[in-house]
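J.: Using the hints provided, position chain B relative to the given structure of chain A.
One letter stands for each residue in the lines below.
2 protein chains.
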Amino acid sequence: MNIGLDMMGGDFAPLEAVKGVAHYLSEQSASATLFLIGDQQTIEKLTADHKISKEHIHIVPSEEVIGMHEHPTKALKEKQRSSIAIGFNLLATGKIDAFISAGNTGAMLVGSLFSIKALEGVIRPTISTVIPKEDGNTGLLLDVGLNVDCKPEHLNQFAVMGSVFAHLILGIDKPKVGLMNVGEEEGKGNIQAQAVYSLLKGNKHINFTGNVEGRDILTGKADVMVCDGFTGNIILKMAESFYEITHRKKIHHDYLERFNFENYGGTPVLGVSKPVIIGHGISKGVAFKNMILVAQKMLEKKVLEKMKKALVE
Amino acid sequence: MNIGLDMMGGDFAPLEAVKGVAHYLSEQSASATLFLIGDQQTIEKLTADHKISKEHIHIVPSEEVIGMHEHPTKALKEKQRSSIAIGFNLLATGKIDAFISAGNTGAMLVGSLFSIKALEGVIRPTISTVIPKEDGNTGLLLDVGLNVDCKPEHLNQFAVMGSVFAHLILGIDKPKVGLMNVGEEEGKGNIQAQAVYSLLKGNKHINFTGNVEGRDILTGKADVMVCDGFTGNIILKMAESFYEITHRKKIHHDYLERFNFENYGGTPVLGVSKPVIIGHGISKGVAFKNMILVAQKMLEKKVLEKMKKALVE
Chain A
36 MNIGLDMMGG DFAPLEAVKG VAHYLSEQSA SATLFLIGDQ QTIEKLTADH KISKEHIHIV
96 PSEEVIGMHE HPTKALKEKQ RSSIAIGFNL LATGKIDAFI SAGNTGAMLV GSLFSIKALE
156 GVIRPTISTV IPKEDGNTGL LLDVGLNVDC KPEHLNQFAV MGSVFAHLIL GIDKPKVGLM
216 NVGEEEGKGN IQAQAVYSLL KGNKHINFTG NVEGRDILTG KADVMVCDGF TGNIILKMAE
276 SFYEITHRKK IHHDYLERFN FENYGGTPVL GVSKPVIIGH GISKGVAFKN MILVAQKMLE
336 KKVLEKMKKA LVE
Chain B
36 MNIGLDMMGG DFAPLEAVKG VAHYLSEQSA SATLFLIGDQ QTIEKLTADH KISKEHIHIV
96 PSEEVIGMHE HPTKALKEKQ RSSIAIGFNL LATGKIDAFI SAGNTGAMLV GSLFSIKALE
156 GVIRPTISTV IPKEDGNTGL LLDVGLNVDC KPEHLNQFAV MGSVFAHLIL GIDKPKVGLM
216 NVGEEEGKGN IQAQAVYSLL KGNKHINFTG NVEGRDILTG KADVMVCDGF TGNIILKMAE
276 SFYEITHRKK IHHDYLERFN FENYGGTPVL GVSKPVIIGH GISKGVAFKN MILVAQKMLE
336 KKVLEKMKKA LVE
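If you're matching them up, the sequences are chains A and B in order. The working numbering numbers the first residue of the first sequence as 36 and each following residue consecutively. The working numbering numbers the first residue of the second sequence as 36 and each following residue consecutively.
If we strip away everything but chain A, and leave its shape as in the complex, we get:
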């Protein structure tokens, strides 16, 4: 399998991306060939510095970079020689099987939605985040910002996609699906939540266990928590800020450290036909390594085929 990596994306590019490649290739389980898209000279020098064997990498030269604050659609259209545009081109033409970048999130989303297709049966692709649970486990929250206005059937699909991902990638057996809501009982919530509840209850592809409230996000009540992207984005950014504030105030604890989102393997765009993973701008080597491992696992475990199956059946 071939996995493409945007070497120019993120605040610490390309050095941390190179470190991530070195980390990944030193893993026993590493089985992909990596396509490193970026400034050829720099990448050649850095990979040599980090003693990365040429056997498992291909350097794909790019001449431009899409900045973190550029307008996504405009930049993708005008900068055809940028690492992100080249990455999506390789993905669309099948030269790579998955694509990863910690660069401009908007450009990554636009690329995911328009350069490659949505997965068969998917109305709206989605993005998720892992949630560090109090008991040491990891949950999944989705959507976290791609779809700020949702219809009930969108959330019903998020539940399916999230369940497949939680099962195959996070390793959770029969993940408990919870609906983000303002009360425990059926019938609680706004009009949207009430409509979604009925759909989830009747969905045989998921293990729906009822509503979850704000107080349940960090506990074990549900593994996959479903909401619209407006609510999810606020939850995610609030969780990130908890970590940042405790960090600034020098409050240290292993549990708080798990809110350090740079440790996670980025956010896969779920519901598109090929794995695309968007990293945090602040991604360091470990995050890049984890993103490559998640992409590899998504390909190995045929996550997208299984999502499609659960959605169209």
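These are calculated hints, taken from the structure and not from any lab test. Since we're looking at a predicted model, the values are computed, not measured. Hints should not be assumed to be uniformly reliable.
Copies of the same chain look alike in the list, so a pair counts if it fits in one copy or across any two.
As the list claims (entries may be wrong) - Listed below are the simulated DSS-like cross-link pairs for lysine-lysine, each with C-alpha atoms no more than 30 Å apart in a straight line:
| no. | residue 1 | residue 2 |
| --- | --- | --- |
| 1 | K285 | K211 |
| 2 | K168 | K256 |
| 3 | K344 | K89 |
| 4 | K319 | K80 |
| 5 | K223 | K109 |
T.: For chain B alone, coordinates are given in the frame of chain A:
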């Protein structure tokens, strides 16, 4: 001024309510006569035990209690001799000027909305929570659950009511009003947030400073943060659970302690014609004292008149 207190509400009633009364009456600034509604014999004994002078209290006997899990409307209707029903009756007939309870939240809301009237000009009364800011200041978030389906004009009114409260009760000069959203710039957000943005921008009664994101909730970006009750309830409960988890994990810090919502003076129902304050079930003496002080301040500063003025002008 006369302030009514439900002595039977809350997990630690009536003892902690009595402690709160004693605390309050020992404050220099205490200027209200308290109407203590509850089991006469118990309250008489406890107030004597706590050496509470009879000069500033009236005991109003009640024979029933609305349990924490009773159906609000049904219980209020059937238990006319309950402390909450008696409290609203006293409030509606003008015998008390404000009413406080840490009892059944639903019954308190139903009482607020149906026993007394909405403030002139108010479409939807609302409930708020104080938010402990990273810099030591205190912000206000509203709505936190009373209105889970909102129209843009509701949020526009929440902004006005929140601003008046933040100014007069929290002591914030020209409170910065922020709209809870998923991005900084105008034009971001779901359909509702976009519509609310336009209204807030044109509202001359508030100091609107733009959107706030999840990461800004705990920072100084805005003093009054406006959202629908679905979003606000999830934010509030998540913040509460963050405190509880750090507490369970024995992570201690002064800042985290400020998330201990039992220290705060309850949640006033804003937009009804008389001050009503709903305490947390877990309210202890300090919380009861603070609730009485907030009620007193709301009456002294004529908070409701000023809200009305800002809303109808």
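J.: Pop the pair K319 and K80 into one bin, within, between, both or neither, using alpha-carbon distances up to 30 Å.
T.: Close inside one copy (19 Å), not across copies (65 Å); limit 30 Å.
J.: First find the shortest C-alpha distance between K344 and K89 inside one copy, then the shortest across copies, and answer within, between, both or neither for a cut-off of 30 Å.
T.: neither (38 Å within a copy, 74 Å between copies)
J.: Which holds for K285 with K211 at a C-alpha limit of 30 Å: within a copy, between copies, both or neither?
T.: The answer is between: 28 Å across copies meets 30 Å, while 35 Å in one copy does not.
J.: With 30 Å as the alpha-carbon cut-off, assign the pair K168 and K256 to within, between, both or neither.
T.: Both ways: K168 and K256 sit 10 Å apart in one copy and 28 Å across, limit 30 Å.
J.: Quick one: K223 to K109, C-alpha cut-off 30 Å, is that within a copy, between copies, both, or neither?
T.: Between. Shortest inter-copy distance 18 Å satisfies the 30 Å Cα cut-off; intra-copy 43 Å does not.
Hint violations for this structure: number 3 only, all remaining hints satisfied.
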